[in-house]
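Here's the letter readout for the chains.
2 protein chains.
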Amino acid sequence: MKINLYQKRLDRCAELMRNAGLDALLLTKPANMFYLTGDGRLCAYALITRDAKVALGVPQTDVEDVSARAHFNQIAGFEDEVGMIHSIAHHFQHFGIQEGSVGLEYTFLTQSMMAMMTHPHAKPEEVAVKDCTHILSELRMVKEPGEIERIRAAAQVAGAGMAAAIEAVKPGLTESQVAAEAEYALRQAGAEEFWRTYISSGPRTNIAHGLPTLRRLQEGDLVMIDVHPIVDGYSADICRTVCVGQPTAEQQAAYDLYLKAQQATIAMVKAGVGMVELEETLHGILKEAGHGDHVFGPPIHGVGIEFEEAPLPPGHAFFHGEKAPPPLPANVVLAVGNCGLYAGPWGVRVEDTVVVGEGGPEVLTNLARELTK
Amino acid sequence: MKINLYQKRLDRCAELMRNAGLDALLLTKPANMFYLTGDGRLCAYALITRDAKVALGVPQTDVEDVSARAHFNQIAGFEDEVGMIHSIAHHFQHFGIQEGSVGLEYTFLTQSMMAMMTHPHAKPEEVAVKDCTHILSELRMVKEPGEIERIRAAAQVAGAGMAAAIEAVKPGLTESQVAAEAEYALRQAGAEEFWRTYISSGPRTNIAHGLPTLRRLQEGDLVMIDVHPIVDGYSADICRTVCVGQPTAEQQAAYDLYLKAQQATIAMVKAGVGMVELEETLHGILKEAGHGDHVFGPPIHGVGIEFEEAPLPPGHAFFHGEKAPPPLPANVVLAVGNCGLYAGPWGVRVEDTVVVGEGGPEVLTNLARELTK
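So the sequence lines, in the order shown, correspond to chains A and B. Using the working numbering, read the first sequence as starting at 125 and increasing by one per residue. Using the working numbering, read the second sequence as starting at 125 and increasing by one per residue.
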């Protein structure tokens, strides 16, 4: 049953490869390998052929563990970088791929990893190299029912982590200690892992990527909390902003405005809507209120195996190596509200994970959205 | 005073740039920017000239925060990717760099980030691109006294996290819950952040990168715990293996062997020693006992702003875009014991953070090394 699932995904992958004129994919990004084979890990690769065969290369220590989890046709263990390179050459030879082109993940591979994967002792000389990011993004963008169930479970866990963090917020606590409460609760609620937690407070809520520091919360601070648990391989994305004590009228007004923009955007989410429409709705409401310059980053992005993945709005997509998404089909999962409103002395952000339904949105992260605890 | 520190580092950097024939560095790796300017963050860059001037580009939301922290000559805020690209062009023009060559971080930049940083609207056409990884590694390899103090503080925090995790180990707990205890204690003890925690148990201790899962600990399991807190921007690296209940004679023998190899290697650490000698010592003892094939990854690596950085043993260094290190000068900081011993049904690993002293090692992570809790 599980094997059929992966074989089905591989068959779709092979079709996209043939359309793109690719003879093979050489993947190293754990999220992509996890999607196609059931196992994704660091320091490993998957060679996928256009007839949907899979050869894996993993550390020699991991062969048994991967064999028990992954769907594949052949596997090689390697003991070091030289062994890895030789095993890639071996797999190319085994599949008879000595010319044509191979797709690599240009949005994941560093220059030095690229040099290793395309080393003359790894890749046959006559095989050209192309970017395959768009193939994997297209494959992963529309979620299967089983994937949505897992994202739903992750959203439940995200709510538990967020509730614990909000509950803990009080003067004197460090941002790092707020993160501690959130992350502890995520793991207790069933997360096997999480992506980086963002916690910022006071003037730091005005910055784009507020990783936690030892700054202590003070009365009147806003606190921005953004968590992303991983449950059964799938993520959710939730952000809430709360006040330590009573917010000022300006804080409340900015918060109410942002929440209005975010909720209006969520209300538009349904099959057939464009990412540009969603982006323009969220930005438009902020702009009309004079806050057009007070945002940063894509206001909407996909959620799945990664907490931030395709689709992205076209402008961001281009620079991040992704293609502009089509009108959204049903069963894409989005995070809505990522851009924030950075008003100067502080910022506010509210973000939720939402399924694109045939007739409208299904919000998976339902924790209350109140600035006052 | 802080400014002098960064200016001194920048002056050394400029000297290495001139020796390498580089006219500028265009950095995006937070660790490198943090070292040279006092601030490193995602979605930002630093352009460094060969007369040690710094131009920063950061999200427009972050200008004030960065201005309060970083050492720089000029700063630009950008609102999106297009703005970032244009601000890079502006800085090149301001410094009058229209030819020559610029160094980029080939071990950090993905293909798509590379395309953005070298976009025709960012980098002047006549400016060639080279890898500058080796310059930053050379700069950061020998630690200043203030850096060692911070790594020492991180090592103390690492000990607190490890002690909490070991204390918590008992049948029925998930690996993720063991991670929760470690990470909570790290943050309570003063870490602002941490790198990924590795927790593996039972048969999973035999894999190379054991990220936590929902597997529940069972009586007789080995549990491998590897934590890396960040304190005041600096990291430490510690790994311990403990048994749930009483270890078997085989487990104890493998553990004793690995600990002997690790301790013998630490004993050799002093100014002038080579990474190859250290690697051969650790591997040699394991090999002599018939476990030569049961290791994975570099047995020794550097520790500093990153928990895993240069120096690396020559073979690994080459494939990871680093240069083979010279005989180690005093005040390099190493993690010793990273390769593990993966015996088949389970594995063991003990790893410590050690300063290369003039006359011998100074071990910073001193928590007991006992297989039995």
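The reader is advised that the hints may include incorrect statements.
Treat identical chains as interchangeable: a pair holds within one or across any two.
[Unchecked claim] Derived lysine to any residue pairs resembling SDA-like cross-links, with alpha carbons at most 20 Å apart:
no.	residue 1	residue 2
1	LYS447	GLN131
2	LYS447	ALA138
3	LYS254	PRO451
4	LYS153	HIS444
No lab work stands behind these hints, which were simulated from the structure alone.
Legend entry - Earlier hints that do not hold, by number: 1 and 3
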